Each structure stands twice: as C-alpha cells, then as structure tokens.
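Chains as they are written, first to last, in full-length UniProt numbering: chain A, 1 to 101; chain B, 1 to 679; chain C, 1 to 509; chain D, 1 to 504; chain E, 1 to 156.
The hints are simulated quantities; they were obtained by calculation from the structure and are not laboratory data.
Just so we're clear, the structure is a prediction, and the values are computed from it rather than from any experiment.
Treat the hints with care, as some may be off.
Where chain C lies over chain B, by a calculated footprint (3+ residues, C-beta under 8 Å) [what the hints assert, rightly or not]:
| no. | region |
| --- | --- |
| 1 | 65-79 |
| 2 | 146-158 |
| 3 | 173-184 |
| 4 | 199-212 |
| 5 | 610-623 |
For the chain E half of the interface with chain D, some residues (derived, Cβ under 7 Å), not all of them [to be verified]:
| no. | residue |
| --- | --- |
| 6 | Ala21 |
| 7 | Gly24 |
| 8 | Ala27 |
| 9 | Val29 |
| 10 | Asn32 |
| 11 | Ala63 |
| 12 | Gln65 |
| 13 | Leu83 |
| 14 | Ala85 |
| 15 | Val87 |
| 16 | Val97 |
A virtual CB, placed ideally from N, CA and C, is assigned to each residue, including glycine.
Below are the chains, spelled out letter by letter.
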Amino acid sequence: MSVAIEYYVLLSMALFCIGLFGILTRRNALMFLMSVEIMLNAANINLIAFAFYHGNLTGQVFALFTMALAAAEVAVGLGIILVLYRNFRDVDVTVPTTMRW
Amino acid sequence: MEGLFDYAPAIALFPLAAFVIALAFGNYLPKKGAIPGIVATGGSLALSLAMLAAVAGGEEGYYHDTLYTWAAGDAASEVGPEGIEFTFGILIDPLAALMLVIVSLISFLVHVFSLGYMNDEGETGLPRYYAGLGLFTFSMLAFVYADNLLMAFMFFELVGLCSFLLIGFWFRTRSAPSAAKKAFLVTRFGDYFFLIGVIAIAATFGTLQFAGNDSFIAAAEAAIDGNEQLFGFGAETWVTITALLVLGGVVGKSAQFPLHTWLPDAMEGPTTVSALIHAATMVAAGVYLVARMFGYYALSPTALAIVAFVGGFTALFAATMGCVKDDVKQVLAYSTISQYGYMMLGLGVGGYVAGVFHLMNHAFFKALLFLGAGAVIILMHHEQNMWKMGGLKDKAPVTYWTFVAGALALAGIIPFSGFWSKDEILYDALIVGLEEPLILAAYAMGLVAVFFTGFYTFRMVFLTFHGKPRSEAAEDPHGVGWSIKLPLLTLGVLAVVAGIANLAPVYKLTGIELTFLESWLEGGLEGTTYVAYTELLGDVYDTGFIGTESTTVLIAAGLSLALAFSGAGVAWKLYNVPEPVRHTEKLGGAYDVLRSNYYQDEYQVWLAEGLTLPLARAADRFDQTVIDGTVDGVSTASLFGSDRVKRIQTGIVTNYAALLVTGFIVLLIVLGILGGWFV
Amino acid sequence: MMIEALIAVALVGALVTFIAPNRIAGKLAFAISLIPAALSLWMFTVFDGSGNALLDGELAFESQMEWIQLGDYTISWFVGLDGISLPLVVLTTVLTTLAIMSSWTPIDDRESQFYGLLLFIEANLIGVFTALDFFVWFIFWEAVLIPMYLLIGVWGGPRRKYAAIKFFVYTNVASLLMFGAFITLVFGLGDAVTSFALPEVASAMLDGGPEGFLGVGGSTLASIVFVAMFLGFAVKVPIVPFHTWLPDAHVEAPTPASVLLAGVLLKMGTYALLRFNFTMFPEQVEAYAIPIAAIAVISVIYGAMLALAQTDLKRIVAYSSVSSMGYVILGLIAYTQFGVGGATFQMVSHGLISGLMFMAVGVIYNATHTRMVTDMSGMADRMPVAVGILVAGAFGYMGLPLMSGFFGEFTIFFGAFGAEQLPYSELFTPLAMFGIVIVAGYLLFALQRTVFGPYHLETDYEVGRAPLHDVAPMFVLLGIIILLGVAPELIFEMITDAVDPILENGGEL
Amino acid sequence: MAVFELPEWTALAPALILVATALLLFVFDSINPRTSNRSLLAGTSAIGSLTALGVAVWFMLAGVGTPSVDGGRGVVELFGGQFIVDQMALFFMVVVAVVTALVAVASYDYMEDHAYQAEYYSLVMLAATGMATMAAANSLVTIFIALELASLPSYALVSILKNNRGSVEAGLKYFLIGALSSAIFVYGVSLVYGATGHLQLDAIAENLEGAGEYGGLLGLGILMMIGGFAFKTASVPFHFWAPEAYEGAPAPISAFLSSASKAAGFVIAFRVFTTAFPIEATTAVIGIDWSLAFVILAIVTMTLGNFAAATQDNVKRMLAYSSIGHAGYALIGLAGLSADGGQLVMGAAMMHLLVYGFMNTGAFLFVALAEYWGVGRTFEDYNGLATQAPVACFALGIFMFSLAGIPPLGGFFSKYFLFVGAIEAGMLVVAAALVVNSALSLYYYARLVKAVWIEDPVADRGTLSQPTGLYAAIVFAAVLTVVALPVFGPIADAALDAAAVVIG
Amino acid sequence: MTTGPRLRLGESLLPGVLAVALFGVMALVVLNTSFTTQMADAGYPEGISITSEIGYAMLDLTALQSTEGNVGNTEPFLAAFILIAVVLDAALDASLVLAKRESEGQPVAALTSVSGSPGSTDSSQVATTDGGFGDEAETDVAREDASDTETGGEDR
C-alpha cells in the first residue's frame, strides 16, 4: 500500500501514451475508439490515486463519471463508425479523405 | 475727367461681355457674334482714348485703384509686412493708357477685318472665333492695366489660353491643334519661371504692386540700399534672380530665343488672329511686362544686360531665318520675333522710351502687314506660298500700297515709323555699348539684323506683288470688301505717321521738342516714370559717344539706314524680276540650317518626345513592374502561403492526430522550459 | 442636429432608392440628393463657426452624445463643422448630386442598387468630414469602402474585379495601420485623455504629448505613431509609392464612381492628414518636413510623368490626381497659412476639377465606347459642347487663372516658398511647380489627339451630341470652378480661420 | 425589474428551458415516431430557444449575477458551487440561445426531407443545453460533463446526413479528434486534481498555494486543459476537425457549431482561467504566465485560419477556416489577461463572440440556403446570385463585411475593441497579427461578395425559391448584425461588466 | 464479411514516436516533481465506508457525509449527476439516430434486420442538399444494403 504516488502517475502516463500510440498508428476506427478508452482510463488511474493521496473522494467520484461518459462516447462513436462503414464500406479512418485542403 | 476713371474696368469688361454673348448666342446672331465684338472693342477703344485724354489732362496723370481683394492672409515675407493681400487693381498711367489704346484699336480693326476675312469666307464655328477674340481682348486689356504682378500673371496666362484656342481654331486639321499645343506648352514653360518669380517676389517683399510706395520695386530698392540678405543671397543678386525668373515668362510670350519656336507654328491660326495676337498685342505682352516693371530690372545691371543680349541675339537670329521662308505668314512670323528682339534690346540697354516706341510702331505696322497678308491670302484663294503669287500689285492696289507702307516701316526706311523707333533703339544700344562690350555685341547683332530685315521684307513684297502671276489664283484674284480695306488704310496711315510721336534724332540734332512720347512717359505715378528710370539707370550704365552726341546719332542712323537699304537693294536685285528664282544654292549648307530654323524645333521636340516621353514610359514601366509589382507580389505571396498552409489539412485523420500531438508537445516543451518544469 | 439630418436623409434615401424600381431610381436618387445639397448649402450660408474644430474652435452644428463606455474611455457620437470641413461637406453633397445626374446615361443595369450605393457613399462621406470622435470617424471612414467596392466591382470596366479588390484591400490595410497607430497613441497619452474625441486627443498631444507606452519613450512613440498614421493616410491620398491602386480603381470604376472617387474620396486622405498628423503632431511635422516634402515633390513629378505615358484618358486623369495630391502634401508640410489653407482649398478645387474631367471623359466614353487616345480624334467635330467643357476642365487642371485650380496651386506654392518650417523650401517649391508644365504637356497632348484633328473613331458607334443631362452637371461644376477661381475668399476665409489655430502650435503664423 | 423573487435555482432557467424543450421533443417523437410535422418540431425548438433567450436577457437586465455591491442581485451559486450564474454565464446563454433559435428556424427548410426530424431538433436542443450549462459550470466535473453534453449530440448532428459521404466523414473526423481531445482534457483535469486536490474552480484557486511543489504537474494539467478548450473553440493545434466538420455537416449545424459551440468553449476557458487559475497565484506555482500559451495560440490560430481560408474554392470551407481565424481573434481575450486586469480585452472577446454569433451564423445559413437551392458549393457556383436573390445576397454582404470587420457593421466594433484591448494589454505583436490577418481576410470575404454581386453567373439556373424559414433566419441575423451598431453601448457595458465580475 | 472490420498490423509505426516522445516529456515533468506527502501517510480515515461516502457525495447528501478527516472535503456531485443523466440521454438519442437505417424514406428500428430489399428509392430521402457526394454515396449504400443485411447487428 505504499507505492509512491509518482509510480501511479507514471503508470497512468504510460497508459495515456499507449493509448495515444494506438491512435497514431492504428487506422481501424474501432482501434481508435479503444485507444481513446485507454487514455480516459489513464486519467481515471490518476484521479483515484490522487483521491487517495489527497484523502478526499472527489477524484473517485469523478472517475465514475468519466467511465459513464466514456460509455456514452463509445455509443456515439459506434454509431458513427456504423454509418462510416455504410458509406465507405470500410472502417479505416484514413479512407475518408474526400475533404481536404 | 477724373470721374471717368470709374469706368476703367469697363474697358476690359466690354469684350468679356462680347465673349459671353458670342459664346452663348453667337449662332443666333447675324454675323455670328461679330457685331457684339465690334461694338465692345469699339467701346473699349473709345474708353481707352478717353483714359488717354484723362491721363493727359488729369492733375495726377495716372489712375491707381484696388478694386477687389482676391485673397488675403498672413505670410511672413523676408522683408516687408507680415500679411499679404492679393488683389485686382487698375493702374492706368501713361504707359498703360498708351497700350490700352493700341490694343483696343487693333482689336477693333481686327474685328472689322474679320467680317471680310472670316464671315465672308463662310467659315464655320464663327461664334467660337469671336468669343475667342472677345476673351482675348478682355484678358489683354486687363493685363495691360493690371496694377500688380499676380494679376498681370493671371491675365498673361489667360491670353495664352486664348492664343491656344485661336491658333487651334481650325481644329479639324492636324497641324493647327499641334501648333496650338506647342504654343501653349512653350509659353507655359516660360510661365513656369514667371510664376516662380511672382511667388519669389511675393515671398520676399510681401507685395506685388507695380507702383506706389508699397510696390515691390520700391521694396527691392530699399533692400538693396539696406544691404539685406534675401533667402541667403545678397539683395541685388536675389533681385537679379527673380527678375530673370520673370523674364522667363517674357521670353516665352514674346517669342525670344530659345522659346521662340512656337510663334512660326502659331501661323496655323487665322491670319486675323496672327495679326492681333501673334504680332501686335499678345506677343507684346512680354515686352510690355518688362516695361511695366522696368524699375525692377533697372535695379539689376545683370538682368538688364541679359535682356539686351537676348534681344539682340533674337533679332539677328530670327531675321536670318525669315530670309528663306516661302510662306508669307512665316516671313512675318520671323520678322515679329526679330522685332521683339529689338524691343528687348532697347529695354535692356535702358532705352525705355525707345522700346515702348518700337512696341507701338511695331503694333501698327505688323498688324498692317499681317492684315495685308490676310488680304493677299483672300486674293489668292487661301494660298500662302509666295512662289505662287506675283503680280498682285495692279490687281489690288489698296492692299499693295498699304502693304508697302508697312514693309517700309518694318525695314526701317526713313521716314516711316519703324525707322524712328528702331534707330532710337540702336542708338541707345550703341551709346551703352561703347562702354560695355557685351552690349556692343548685342548692338552689333541688332545692326546686322537690319540688313536681313530689309532683305526679307522686300523679298516678300517683290515675290508677292511684283513680277508675273505664278499661279492661276494669282491671275484671277478674289476681290476684297470694305471691311478689309478700311482697317488696312487706317493702319497704313498709322504706319506712315506714327513715327512723329518721338522724333528723338531730330531733337538731338536740332533741339526741336518733337519727343512727345518721351514727355508722355515722364508723367505718371512716382517711381514708374521715365524720369525715375533714367535716374536708376544712371547707376547702371555708363554711356559714351563717338565724338559728340550728334555725330553718334548720325553715325547710328546712317549705319542702320545704309544696311536697311542694302538689304532692300539685294532683294530688289534678286527678286524684282518677272520670273524670280530661289537663289538658295548660293547659301550652300547654310540654307539647310536656316530652312530648318537652326534645328531649334528639332531639339525641342527631341526634349519633349525623345527625352521626356521615353522617360515617362520608363517611369510607367517602373510603376507597373516594380511598384505595382510589389503590391501584387505581396498578394501573390500571401496567396501562395495560403496554398501551402492549407495543405497541412491532408484529409487523413491520423495525420491530424499526429499533428495535434506534435503541436501539443511543442507547446509543452516551450512552456515547460520557460516555466522550469523539467528541472 | 443638422448634420444628423444630412446623414439621415442620405441614408434613408439610399434605402428608399435601393428598393425603388430600376426605372425611376435615377430620378428618385437625384431628387433625394437635392435635399442634402440644399441643406448643406444652407448650412454654408448660415455657418457661424470659427477656429479649428480640434483646437477649441467654435463649432457649427455641433452635436455630442455619449455612446459606448469602453473601459476608461468614452466613445461618443460627436459631430460638428468648422471652416475646413464645411467646404468639403458641400463639395460632397454637390458632387454626389451631379454624379447621380451624370449616371443617367451610362448606368443601365441594376439602377436602384447603383443609386442606392451612391447615396450611401454620400452619407458616409459627410460623416467622415463631420465626425469628431475617432471611432465615429473611423466607422464612416471605413464604411465608404463597401459601396465603392461594389460600385467598381459591379458596374466597372473589364478589369473591375481586380481593381475593386485591390482598392478594397489596399486602402483597408492602410486604415488598419493608421487605426493601430492612433489607438496606441491614445493609450500612450495615458490619463490625459478619457475619450476618443479628437479635440481631447489633440489638446492632450499639444499639452505635452504621450508619456510613453510599453517602454517606448513619449517622443519616440509620437514619432512612430506619426509615421504610421502618415503611411496609413498616404495610401488613401495617395502618395507615391502607394498610389498603384488608384489608376486601376479610377479606370475601372464607372464614371460617377470615378467622379466621387477622385472628387471626394481622395480628399479623405488629405483631410485626415490635416486633422491628425498636421494638427496633433507639430513637432514631428517639423522633424519630418524634408522627407515629406521630398515625397510630395516626387508625387507631383512622378505622377505627372506617369500620366504622360498613358494612352487611356481616364488613366491620364487618374495619374494626374496623384500629381495634384502631391501639391496638397506640399502645402500641408509648408505649415504656413497659405500653404495649409491652400492645400485645403486645393482639396475642394481638385475635387471639382477632377470630377469635371471624369464626367467629360465619361460623356465621350458614352458616345464612343472607348477611352483610348489612339482610338479617336476630332471629337470636337461631333460633340462640341462636351468637348468644350472637357477643354475647359483640362485648362482648369493646368491651373488656369480665374479657375479654382490656379488659386489652390498658387497659394500652395506661395505658402511653401520660403516657409520657415521647411528647409530648402526654395528648392522644393520650384521643383514641384514643374508639375504645371508637365500637366499642360500631357493634357494638351491628349486633347490634341482625341478632340482635335480630323474626325475619326476606331469603334463602331454613331457619335452625336451629348444629352442635356450629361452636360448640365458639367456646366454646374464649371460654374463653381470659375466662381471659386474668381472669388476664392468665399471659402478661403473660413479655411484660413480654421487653419490658423493649427499653425499657432508650431507652424508659421 | 422583477417584482417578485424567484427561487435561486431558477437562475439556471435558460438552460432548464432548453433541456425541457429537448425532452418535449422526445415526447413528440415517442408519440409519433415518424412525424413529419416540421412546423411543430421546428416551432417548438425555436420557441424554446427564444424563451431561453428572453429569460436570459431578462435576467441580465434584472441584474442577476451582478455583484450586490454594484446594486445587482448577486452572483448565484447553485449545487454547492457546481454551478454559478453570473453576468458572463447569462451573456453566453444569450449567445447560445440566439444561435440556437436561428438554427432551429433555418432548419425548418433545410431539413425538410430528412427522416429524423424529431431527433434532429432534440439533438440540437440537447447540445444547446450542454453549451448553456457550460456557461454556468463552475467545477471541472460539471465543465467536463457539460462539454460532453455539447459534444456528443454534435457528433451525431454533423453526420446526420447519413447517406452523404461528406457528412459522415465530417462526423467521423469530428468525433475522433473530439474523443482524443476529451481524453487529453480529462487527463489534464486529473493532473490539476492531483496538484490541488479539488475540482471546484474556487477551491482550486484557494489551494494553489498548497500545490507549490507540483508546478510542473499543474502546468502540464493546465496545458492539457487548454487542449480541451482549443478543441471546442477550434483553435490550433486542435482545430483539425473544424474545416472538415463544418464543410461536411449540414450548413445549419456548421453554423451552430462554429458560433454557439465555439462561444461555449470560450466561456469555460474564460471561467476556468479567471476563477481557478488567477494569473498571479498560478504564475507563482507553475513558473510561467499561462497567458503566454494563449498569445502563441492566438497568433498561430488566426494566421493559420486566415491564410488557409484565402485560397479556398469551397465557400463553406472558407467559412470554416475563417471561423478558425475568428477563434484566434477571440483567444486574444485570454491572451490579454494579466495580473492587473484584462477586463477590456476579455470583454471585447465576449462582444466578439456575441456578434460573431449573428454574423457567422448568418453566413453559414446563407450557405444552407445555397445548398437548399442546390446551386453548388464553390465560389464560382455562387456567381451572380445577387440578381436572383438580392435580399439574401444583401444579407450575405452584411455578414461578409461584418466578418471582415468593416464599419458600420457589428463585427467592426468587437474586432476593433479586441484590437484596442490588445494594444492596451501591450500585446503589439498580437495586434500586428490581427492587422495582417484582417487584411488578408478582407480578400476572401470580399471575394465572396464579389462572387454573388459582381460576377456573372457561369451557368443558367432556374428560378430560386424563397424558403421562409431560411430567409427569416438570414434576415434576422442580418438585422441583428446591423442593429448591433446603435445598441453597441449596452452590449459593451454588459460584456465589460461581466468580464469585470469574473476577473474580480 | 470480407470487408468487415479487421485488425491491421504492420502499418507504419512512425507517428507512434510522438507518443513515446510525449511520454518522455511528461515523465520528465513527473520525475521533477517532488511529492512531499508519502503515500503511506495519505489515504482515508479508518472506519468509514468509502462506497457510501461516494454515494452521499454523488447525491449531495451532506447531512449523511462523514465529517471526520479529509474525506469530508469531498465536493458535492448532484449537479453532475443530473447532468450526466441528460448526457446519457443525448448519447442514446445520438447513437440511435446514427444506427437506424432507413427504408423507403422511413426509419426502420435500429435493431432489426430488414430482409426486404431496400429500394432504390432510398436516395429520395437523402438530403443531398449540400450537393457534393450524393450520387456516389447512394450507390454505395444501395450496394451495401443489398449485400450486407445481416452485418448490421454484428457491427453493433
């Protein structure tokens, strides 16, 4: 129980950057979505760790909200991916490039 | 009589009214506007004569009044008052009164002549013609009685406008508009210096009055006496500079070298116009201006000498060119230039009376010659080439005899008017020249010019009237009416007798008081009288005599008369034959030079078209490419930048994420380093 | 409230005209424009102001109303007239009326919009010349651009799109520069000012100037602001080398727009220079006298040379405007009563004369559908009256005495010659004066080739006499030009009255 | 003004009215899922948003949210400080409500063939609720949730033309960048929480001192939160979604997003940075003035937006980039904050957002009209529209010149007050950038005016109909843009007062 | 199914460097931060039910909240709670709109697979008013609808 707070933060940062790595390298929309979830959860780790650190529950409660919002985001995201697939017959996020410049 | 002066403005306003009437209603009037013009100039003539009488009979002998303040304001002048007023005023002193009479008389005669020359010949656009004449007469008269330099300048410019309009009267041809443009442009070039002069004088002395205690002439004299520094120059130097600047306008208007080139071209206008404007009056404006502010020139020996030298040179220079012309009007044009050179010479050597005297005489005989030439042109069905004339002597005696009278006057044959005035000028030049080598050179040129004058004058007379008719037109001349003969006769008489006005040699030889003009010019406003000028000139020029005064007079008169006769004699010998030939081959290469007017036109045209125009085109190209190119370049560069910037948006969302993260990292690093987050 | 009435009439008139049917729009707009013209002439006769609007003068028709409180600064609706602005207002109203009449012939498309825009311009121009609060002034100043942009763009010549956008962007950029400079100045003045009212700023400037801002010292700041504002206005005037928008805009604009552009819009720049730079910065004027005078001379000569090289009549007149504006700058920098007063007079005079010239060229264009000097000759044969006026206008442009142009030029030259404020004025003045020779050169050259000579026309049109409503406005203008040339004191007196206070602060009086 | 006292929670009435309208639309939808009674739906939305607008204006005039010392009714704190209703909140509620109303009216015609009428309007109203709530949110929790409430329906709205590739692509990009940004934002929140132990803005400010050692962490958190705001306001470098989203989305939604959503993004930025991170205290902790970040962002954003807009061929995309440019202008409001004030510059930014609400919405609605007519999307396609639809094109001219900041239109004032503010704050570089960009922007705004007014049509098009709703919305927006001139005094007062309260 | 979602490997990992870089920078920040409080000293007071405290905080039941120790500093979350209800509503609405498919211009329930052939009239209700890609998209949709009726469920 006495892991130093730095490591929690570093963990969350690592997670955050892993998520980011996914976003930057994966072209599949679903992977993209999942990566975003990882990043959100990285924030949750922080929140919970800091809640403990500060001894109040604010962070913990906020983490709950974050999860709910993540779910909502995924719902909308999947809807968009659905119409994306219907239109482009692909879920590769790099395919839709009809608008640029 | 004094109350009469209240009507002085009307002298100029009559022709102005004629101008308005002719312009507005000319088309609906009988004679298309000639009648109002004749009435108005007649009125002006009558009033001018009345003024002459009033000046002669009045106690003060002059009239000077400020009519109207054009503009006033504060301006610090070098010396003089803190404020300045630009006004319109009338100054009628003996000089102005004389000139008023000359101008209104000739204008009146030209109007009458025009009935025969223009109306009867079925010209179109006559209202325009009479309006132009009216406006010209107005401007010229107003110029003459202007009491200050600015007003003089303004009407000086306006006569230039009228000259432009009237030269270009036959605007449907190619040559007339071109000549009109040239006339205005060349005189404008002179006026440019004139205007600088006006402004410099105003800025220096805070006044532009010609006469009176607050005149700039008086102020200049005071400044010279006080050894003031004006604009960093000694007062006399500055007076010289400003006087020469004003002289620029004079040189332009009076067609002196090197701005004489417009006058021969100006012969594209109707001959009546040439008579009125380009011989008798407007061209005289320059000389008149010098006479008007003679006191100012008299303050500067340098300026006077330059006036004299320019005059002498022009007299000779133009006379030589007059010898080879074929067009009767061209001959007259060069003779005009030459004669104004004499006047300048006269004024420049201090012969104030002589200059004014010649101005008057020349006005009469040159107007006569031009009108005579106009009559000839009518006779010849608008043929102007002398080589196609001949033998008109018997068919048009009135024209012939009046023309000969004018020619004798022009050539300076005793006792015609021209002799007296020209002789006086040469005499004045000689006596000064004996002490001043430069003036002597000017005198020499003037003297040589007498020979050429005699030659070209009689070459013209003989070619035109003598010998056998050399064309069909000459064999069957067109008749001329009373409206032509009447002015010719009037002027013919004047050309013969006008010399009586100032028989200075007679006075000098016999002591008989026949110098009416001199005594006339002795009157007037203090400081503008001949007496005052004589005093001033005493400081400027020393005079010398060859032997006694009488011998000098005789030598001078004899020399010029001999030269005039020999010139006339040569012409007699060469051209008073039934079938005259050109004799040009005798001149060899000189002929080409003369024929080309010493290439004066060429270099001036080159200045305008060979130098200025390419320069302007270069400036234009510079403007289009460099200056405007810079403006457009900024816009092009912006749009190019825009095109690059928008390429960042590749359309691939992963790239966006990458760029976004990049941006974020950059921001983080910048702020982190600045905020010390990494240490 | 008279000024408000003036502006309101024009604005409402613009709206009414905008929705009126095309058929009657021209006549309607003319009728409406008579109201401000009459009103301003009436104001001219009852004018009772004295002194300079910015320097404790007695304003005529003053009206002030608080509008916006912006932090520590108040923005007010503040208008009034003094001897400088009144002639320009009259010029605006009269010229607009005449321009409307002169558009009856050439404008045959979307008339109601066209005339609506003309009236809208008029409203804004009046505003520019009457506003005494910087923000209000700037609103009008910029708002002029929109209608002019459209006038050029919609009804202009073949390259109208390029010209319109160039005009719009170029002059606007300059305005932004000027705006920034002025705002900086206001902040630099610190507590001395609590509003953007020009009189307040002016008095603060004269009472010691800016304290400094952002570490820049007071006098340095004043110099920077002076230069920046000068550059900003230089584009509008325009002064070489910022003039290139002008020929394009003038040439492409429809005739009535050219009339207003040359007649009034260019005056905005010089008016602003007088109001701002030359009223508020006497020290800087002195310090920068030589470069500004040099620019003025260059504008005169270079502009005239450019005009000489042109073959398009409108382009000739356009470049000659550049040249003429150079005189105005010279008069201003002379900083004498005659110099500045003459410059102001010249603004009015050039407005009238260039308006006349553009109208005359427009009438010829209406008949021939070409403006190229090379395309025609002998036009005097077919349209004597119009050509007569063109010739008269050309001579007015050349500064023929007894026409207003001569008075303006003469007073400028006289004021500049030997001006104490301006070193080497005895050199600058004659150099600039050489413009009067070149102007004669190019105008006469153009006249000789176009209106004189045997009749000839390259384009395939029957040329007849110009209709009365084309010629009438030109007669009116010519009348005013001659009137002002003969009796310049009509406005010169009130101008000098308003100019004197400016010079008390540093010029030569 | 109010003669009776309302309970405190009613201070949130504008947001509540919006959400109630959304729920009402749900009810309609559930009663008749396939209703095509557009009048009812659009009318309800319009009435709802107008009511919200009315209430917000009324509250503002009544002095709700003005500190009592100034004679107002005091700032209302609700839910233990989770929400706060002050003048700034009300000001932005007005902005949101106006834009929503315009969009609702315009959508009546634009969406007439669409299958999901009720859903469309309810999503609009929900997003509007989110934006209005953002204006009042006073805790990072509520801010984040409100942000999501505004975002999620927006994603759907952008891609609501489901068979239109552009719309879908736009939605996808918007969503992906949005998700990434909200992840970054929430991570930033977590770091701020880590540093201060609080999420309520006042509490954060109070605990800044205690966070002394965590300067880097707090700074990183703040920067990440800036990222979140930058996304919402379409500022560099989080702007990448904007051109595509605005271009692909139905035009009324583009209007909605670029005006209301942007304004909402700014209001939370204003609130967070003034309330939670007062400059002096924060600088002491993180070692750097955060306004520097906004200076950089402002300059880069306005430059990029305007430069990219200059050569666009597609009108909507041009407007999208111009919208980015305007975000840059509004960012000056944050960049200009400093320890000793910034009321002027922030107030100017608020005014700009309000006026921008009219003029930009109007401009996009004109595009909506053009799309409705089916004339095409490029500048060329717009050529000569003025001859056929002078009224709408007149309005477009007003919008364009107003966007360009030319008097006498509303855009002039706000933009120039920003300019004044920037100079007052001593940001000459920013002011210079503003000038350069304004100059460039003139070019492309004028280009659109040129297209409709000056150019001749390239091809014949049939007669153009005059859809009531779109026309009404456009004309209304134009009138507001013009009327802004005479009534700018009160607007400026309101904005400056609001800014003063927040800055304290 | 051949065109269904699939994992793609072997793509360019280059942009990933950015993530690594970011991690480096962020880690640098953390490593330079000195956390004074030891984790061991932190934490919640004994004897308090964290879960119930969370519940109280969420519903603003201040009266029930523990007043002891640091936990008492927990902020109220009622407003957020209400708000997130609306958010979820919105998310549901949004996802349903997107997920629904249309037939004959009428929305069809999101969760059914329609076996009937989606008519070509599909396009009639497409709002192509922004004019760009309508045609292309329509054909795509038609093709997709025809061939892929059962994937809808699976995609979800």
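Hints, verified against the model:
| no. | hint | in the structure |
| --- | --- | --- |
| 1 | 65-79 | holds (count 10) |
| 2 | 146-158 | holds (count 6) |
| 3 | 173-184 | holds (count 8) |
| 4 | 199-212 | holds (count 5) |
| 5 | 610-623 | holds (count 8) |
| 6 | Ala21 | violated (14 Å) |
| 7 | Gly24 | violated (13 Å) |
| 8 | Ala27 | violated (11 Å) |
| 9 | Val29 | holds (4 Å) |
| 10 | Asn32 | holds (6 Å) |
| 11 | Ala63 | violated (13 Å) |
| 12 | Gln65 | violated (11 Å) |
| 13 | Leu83 | holds (5 Å) |
| 14 | Ala85 | violated (10 Å) |
| 15 | Val87 | holds (5 Å) |
| 16 | Val97 | holds (4 Å) |
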